[in-house]
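Chemist: Sequence:
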Amino acid sequence: MEQLKVRLGRLDLEVLDSIVTATVVDPDAVRRFADDISPPAEPVNDYITEVDTRRDLFEKYRAICHSQEDQPNAVVFALFMVAPVTEIRTYLDGYKPEGCEKQQGFRTGWTLMNSVKAIRTYLGNPTSVATLDEPETPVPPVSATRYGFEKSVNKRDGGVCVFSGMPDPQAAHIVPFALSSNQAFFSLDNMLTTFWGPNQARTWRRTYECIEMAQSPMNGISMNHQIHFWFNTARVALKPLRLDEEGITVQWHWLKKSVLRPLTRTTPDIDILHQAGVMDQSWGDDPDTFAHRKSGVRIQTGQTFLFPRSSAMPSWDQLELQWDLHRVAALCGAADVPDDYYDYEDPYDREYCEVVAARQRAVWAKYESRKKGKEVAGAEAEPINTPSTSDADSDDTAFEMVL
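Residue numbers for the sequence shown follow this note's numbering, so the first one is 1 and each next one is one higher.
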């Protein structure tokens, strides 16, 4: 009893009062909440690792683009923030010395164009804006069931969502099925080879070029409808942590909804992290994007889940590919546009630019508000340029959409 008093004493009185009230009003709900043991959690890395190094490498690439009278698009920015630093350096080292402007221009233009095609191919975007609307109860497109995919996945996972424990799940593809079914691999193969190296690209290619592999339970996870929707739209990414005798452990990460769009051209006069809205290095915390267990407890970034070892457990390689490319898609906003976005008639239309600028201002205001509520230790950082209303409204707006 004394231990109970001590433990209760740590609770805020208002919280304790709410618990007592809930127990009286709905004792069954409180019991379900109390009986639910939350998944274990492990430390998480920053939203972007090695961020200073990556920013420096990106600025080098920006200088190369500038010499060709161009600027990097949001997809290439995302690749520089996610791909292995060693491979990014190798890519930059491949540029010819001065005097080879023609070759440099071709290489730069190819990278900008191919990267957009590759992430578009990976996601298999919906064909219209209407399909991107988030319903009150999000329901993704029905999974393909050929070769008994959905039945096999659900049987392996016990007929419940792996993450929420809820019944009647859908079988979600780890690597989008549209990628394998379309058989359009060239741009994605090239991007992976360029930014992850030929060995890793070769390993990953085997996971999506084989239609039988794409429709096997090794490419599937049982998810409830809501989680499936968030996963398909790159709001959630699963980081594979380890493969051992127990099976595969993955870590849940909420991703941020980007302020960028894939064809957005970044500008040199504003810090790139501020342009992308990721300056605070935190993971996604959008109050409208959430998922919960059957008890009502929310699933949070850092929580871990185990896929028990079996011959049909999810593929480690496919989980790795998903972890990296979902983050690329989230950073550049590729999951937030319909397929016809890429065929927009006017490449210099300002509407998309204004939307991006407005979102950047909103993110910056939120960031500044949070900063004011915290004590800043040590010397103040050097001031950096940030998006402003005048910048967005001027004729020299920071962003241009080009095809």
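Mixed in with the good hints there might be a few duds.
With a straight-line cut-off of 30 Å between C-alpha atoms, the simulated DSBU-like cross-links for lysine-lysine are [as the list claims (entries may be wrong)]: (1) K151 x K294; (2) K117 x K294; (3) K155 x K117; (4) K117 x K60; (5) K155 x K294; (6) K60 x K257.
For the record, the hints were derived by calculation from the structure and aren't laboratory data. Everything numeric in this text was worked out from a predicted model, so none of it was measured.
Chemist: Which of the numbered hints above does this structure break?
Modeler: Checked against the structure, the hints that fail are numbers 2 and 3, while the rest are satisfied.
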